[in-house]
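In this text, residue positions in the sequence shown follow my numbering: the first is 1, and each later residue adds one.
No lab work stands behind these hints, which were simulated from the structure alone.
From a predicted model like this one, the values you see are computed outputs, not experimental measurements.
Here a beta-carbon is modelled for each residue, glycine too, at the ideal position from N, C-alpha and C.
Certain hints may be false.
Straight-line C-alpha distance at most 20 Å; calculated EDC-like pairs for lysine to aspartate or glutamate [stated by the list, open to error]: (1) K141 / E172; (2) K212 / D183; (3) K92 / D32; (4) K114 / D55; (5) K212 / E172; (6) K92 / D47; (7) K125 / D47; (8) K193 / E231; (9) K141 / E175; (10) K236 / D183; (11) K230 / D133; (12) K236 / E126; (13) K212 / E175; (14) K230 / D183; (15) K17 / D47; (16) K17 / D55; (17) K230 / E171; (18) K125 / D144; (19) K114 / D144.
Across the chosen pairs, the derived CB separations fall in these ranges [unchecked claim]: (20) K92 / E231: 34 to 42 Å; (21) H222 / L21: 36 to 44 Å; (22) K193 / K114: 47 to 55 Å; (23) S15 / T134: 33 to 41 Å; (24) S15 / K193: 40 to 48 Å; (25) K114 / S162: 17 to 25 Å.
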Amino acid sequence: GKTTNPELYQRQARSVKSLFLCGRHERTLINDWLHVLNRFPCIQALDLTSVNILDQANLNQQLYLPRLLALRYVRSTRCKINIPFFLLLVTKSSVTPCLRALTIMYGDLIYLCKRLPGTIFDRLKELWLFSSDTDGRIVIKDIDLLLHAFPCLRNFSFLMHSSRSINRNIEEIIEMILCSLPDLISFRIACRKGSFHVPSLTDIGIRRSWIKRVLHVNECEHVHVIIRQKEISIWK
Numbered sequence: 001g002k003t004t005n006p007e008l009y010q011r012q013a014r015s016v017k018s019l020f021l022c023g024r025h026e027r028t029l030i031n032d033w034l035h036v037l038n039r040f041p042c043i044q045a046l047d048l049t050s051v052n053i054l055d056q057a058n059l060n061q062q063l064y065l066p067r068l069l070a071l072r073y074v075r076s077t078r079c080k081i082n083i084p085f086f087l088l089l090v091t092k093s094s095v096t097p098c099l100r101a102l103t104i105m106y107g108d109l110i111y112l113c114k115r116l117p118g119t120i121f122d123r124l125k126e127l128w129l130f131s132s133d134t135d136g137r138i139v140i141k142d143i144d145l146l147l148h149a150f151p152c153l154r155n156f157s158f159l160m161h162s163s164r165s166i167n168r169n170i171e172e173i174i175e176m177i178l179c180s181l182p183d184l185i186s187f188r189i190a191c192r193k194g195s196f197h198v199p200s201l202t203d204i205g206i207r208r209s210w211i212k213r214v215l216h217v218n219e220c221e222h223v224h225v226i227i228r229q230k231e232i233s234i235w236k
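Could you put together the complete structure from these sequences and hints?
Next comes the structure, spelled out in structure tokens:
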């Protein structure tokens, strides 16, 4: 029968640009994840799903992903994202010097922000959030934590399962986001079920005044707004 060439198996796969890994929620050591990632040093996009990582006091594996631009981390077991592993990938410029975009579940991210108060992820310019019906309501105090952690976003997208999770405070949350992110170019929220209720943004005259006040602009020509039942998009 055929046998695997050990030398070929251990060789780094430098032609791979995108990597998808599913942990199936099985308990795994950080070093095992790092061992696998080290075999793909040239990836530009990394997709990790169903992650259940055990804490480790010592990391024996070194990691360097010099071309990684985008990380998709969806999702951790019971929304409990492994903080050492996440920080290694996201905050260490010596590990991922080019990282600029993060895709993550809302529940995982809020769990992270609550356990790392004061931590700022200023390297990240793009944030793509998803929420399911298990993430609960989207509340103002959690959005405030998120905005303090990601102050340099240029693109922010949030796809939620149902509009019911945000409708109670949707206008205030939208205004918070737009006022708190000075570098923001595009913002979008969308839902799979239900419809958004934003009465102050449906009237064109009120909307123009709102845009001028919130975005600190004199003219609205360069600000584009789309208001639909399941989508609200604002971009410059």
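Each hint, compared with the structure:
The straight-line distance between the Cα atoms of K141 and E172 is roughly 11 Å, inside the 20 Å bound, and the hint therefore holds. Using a Cα cut-off of 20 Å, the hinted pair K212 and D183 holds, with the two alpha carbons roughly 16 Å apart. Annotation: proposed proximity of K92 to D32 holds, straight-line Cα distance about 19 Å (limit 20 Å). The hinted pair formed by K114 and D55 meets the criterion: a straight-line CA distance of about 18 Å does not exceed 20 Å.
Between K212 and E172 the alpha-carbon distance is near 16 Å, which keeps this suggested pair within the 20 Å criterion. This hinted pair checks out: K92 and D47 have alpha carbons roughly 18 Å apart, not beyond 20 Å. Taking the CA atoms of K125 and D47, the gap is about 18 Å. The hint holds against a cut of 20 Å. Taken as a hint, the K193 and E231 pair is honoured in the structure, with Cα atoms around 11 Å apart against an allowance of 20 Å.
Distance hint between K141 and E175 is fulfilled; the C-alpha atoms sit about 14 Å from each other, no more than 20 Å. In summary, the hint linking K236 to D183 is supported, as the alpha carbons are separated by about 11 Å, within the 20 Å threshold. A C-alpha spacing of about 16 Å is found between K230 and D133, which places the hinted pair at or below 20 Å, so the restraint holds. Of the supplied pair hints, the one linking K236 and E126 holds, its CA atoms being roughly 15 Å apart against a limit of 20 Å.
Between the alpha carbons of K212 and E175 the distance comes to roughly 12 Å, so the proposed pair stays at or under 20 Å and holds. A hinted pair counts as satisfied when its Cα atoms are at most 20 Å apart, and K230 with D183 does not qualify at roughly 25 Å. Between K17 and D47, the direct Cα distance comes to roughly 11 Å. Compliance with the 20 Å bound is thereby established for this hinted pair. Only pairs whose Cα atoms come within 20 Å are accepted, and K17 paired with D55 is rejected, the gap being roughly 28 Å.
The hinted pair formed by K230 and E171 meets the criterion: a straight-line CA distance of about 14 Å does not exceed 20 Å. A C-alpha spacing of about 17 Å is found between K125 and D144, which places the hinted pair at or below 20 Å, so the restraint holds. With a C-alpha separation of about 11 Å, the suggested pair K114 and D144 falls inside the 20 Å cut-off, and the hint holds. The hinted range of 34 to 42 Å is satisfied by K92 and E231, whose Cβ atoms lie roughly 35 Å apart.
Against the hinted window of 36 to 44 Å, the Cβ-Cβ separation of H222 and L21 comes to about 41 Å, which satisfies the hint. Between K193 and K114 the C-beta distance comes to about 27 Å, which lies outside the given range of 47 to 55 Å. For S15 paired with T134, a C-beta distance near 38 Å keeps the hint of 33 to 41 Å intact. At about 41 Å, the CB distance of S15 to K193 agrees with the hint of 40 to 48 Å.
Taking 17 to 25 Å as the suggested C-beta distance range, the pair K114 and S162 conforms, at roughly 23 Å.
Hint compliance for this structure: hints 14, 16, 22 are broken, all remaining hints hold.
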